[in-house]
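First residue of the sequence shown: 1, per the working numbering; consecutive thereafter.
Keep in mind the hints are simulated off the structure, nothing from the lab. Check the hints yourself; a few may be wrong.
[To be verified] Straight line, CA to CA, 25 Å or less: simulated SDA-like cross-link-like pairs of lysine to any residue: (1) LYS201 <-> HIS150; (2) LYS201 <-> ASN25; (3) LYS206 <-> HIS150; (4) LYS104 <-> PHE127; (5) LYS104 <-> ALA119; (6) LYS206 <-> PRO21; (7) LYS104 <-> HIS150; (8) LYS104 <-> THR117; (9) LYS201 <-> GLY57; (10) LYS201 <-> GLU178; (11) LYS104 <-> GLY120; (12) LYS104 <-> VAL52; (13) LYS104 <-> VAL165; (14) LYS206 <-> ASP176; (15) LYS104 <-> PHE88; (16) LYS104 <-> ASP67; (17) LYS104 <-> ASN25; (18) LYS104 <-> GLN66; (19) LYS104 <-> GLU131; (20) LYS104 <-> ARG168; (21) LYS201 <-> GLN66.
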Amino acid sequence: MPTGCILAMTDFAVTWDYRCPFARNAHEHIVEGLRAGAPWTVRFVPFSLAQVHVPEGETDIWTRPQDDSGLLALQVAVVVRDRFPDRFLDVHEALFALRHDEGKHLEDPAELRRVLTAAGVDADEVFSEIESGEPLEQVRIEHTTAAEDHEVWGVPTFTQGESAVFVRLMERPRGDAELARRTVERVVGLLTEFPELNEFKHTSLKR
1 MPTGCILAMT DFAVTWDYRC PFARNAHEHI VEGLRAGAPW TVRFVPFSLA
51 QVHVPEGETD IWTRPQDDSG LLALQVAVVV RDRFPDRFLD VHEALFALRH
101 DEGKHLEDPA ELRRVLTAAG VDADEVFSEI ESGEPLEQVR IEHTTAAEDH
151 EVWGVPTFTQ GESAVFVRLM ERPRGDAELA RRTVERVVGL LTEFPELNEF
201 KHTSLKR
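Use the sequences and the hints to build the structure in full.
Right, here's the structure in full:
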């Protein structure tokens, strides 16, 4: 596929929940590419894996957020995304690292405050916003919209226009900006240029 065709389609959205290692891999590629100047306009969409697994007839996670170990971190990230956009990529990457590299708890306010402070964000301001209830409502709206408009059920799901695809990337970019850019553009290119490909999965991993 000609590179120019891929680069012409650089507006896309992608879901995340910090607990998912595949979301971590995909979002690290996106963050690495953006930092290196990739011409993408990315909409980062919070998505609660706990809500997806609420059995039919039971209370939605939005009414009992304390039962979801990942929901507080999603709210923190949404506040930073919307109020401190210049710090979002740093906080976003650090929250994935908090869970997957450091093995810390995403529901621990002290750890979340540490991440915010290290990224130069006023933690008190972020948590004050969370106490208002507005970030939780924003997460609920974006999660529900993704589920209803694109039938999203997992993370990371890339969406563009009416198309959506769940993706599992097995490797992290590890500082390789060219790899990150190439990887994301391949995903978006397949999403937009080859919708006939519905499933492509290796039967085993040679690793």
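Exercise. Please work out if LYS104 and PHE127 have their alpha carbons no farther apart than 25 Å.
Key: OK: LYS104 and PHE127 at ~19 Å, within 25 Å.
Exercise. Given the hint that LYS104 pairs with ASP67, test it: the Cα-Cα distance must not exceed 25 Å.
Key: holds (17 Å)
Self-check item: Pair hint LYS206 and PRO21, alpha-carbon separation not exceeding 25 Å
Solution: Holds, because 19 Å separates the two Cα atoms, which is no more than 25 Å.
Exercise. Given the hint that LYS201 pairs with GLN66, test it: the Cα-Cα distance must not exceed 25 Å.
Key: Violated - the C-alpha atoms of GLN66 and LYS201 are around 36 Å apart, more than 25 Å.
Quiz item: Are the Cα positions of LYS104 and GLY120 separated by 25 Å at most?
Solution: holds (20 Å)
Practice problem: Measure nothing beyond the straight line between the CA atoms of LYS104 and GLU131; if it is 25 Å or shorter, mark the hint as holding. | Solution: holds (22 Å)
Quiz item: Under the criterion that the straight-line Cα-Cα distance not exceed 25 Å, is the pair LYS201, GLY57 satisfied?
Solution: violated (34 Å)
Exercise. Measure nothing beyond the straight line between the CA atoms of LYS104 and HIS150; if it is 25 Å or shorter, mark the hint as holding.
Key: Measuring from Cα to Cα gives roughly 32 Å; hence the hint is violated.
Exercise. Would you mind confirming whether the straight-line C-alpha gap from LYS104 to THR117 stays at or under 25 Å?
Key: holds (16 Å)
Quiz item: Within 25 Å, alpha carbon to alpha carbon, are LYS201 and HIS150?
Solution: holds (21 Å)
Quiz prompt | Restraint status (C-alpha distance of LYS206 to HIS150 at most 25 Å) | solution = Cα-Cα ~33 Å, so violated.
Self-check item: Proposed proximity, VAL52 with LYS104 (alpha carbon, max 25 Å)
Solution: holds (23 Å)
Of the numbered hints stated above, those contradicted by the structure are hints 3, 7, 9, 13, 21, listed in ascending order.
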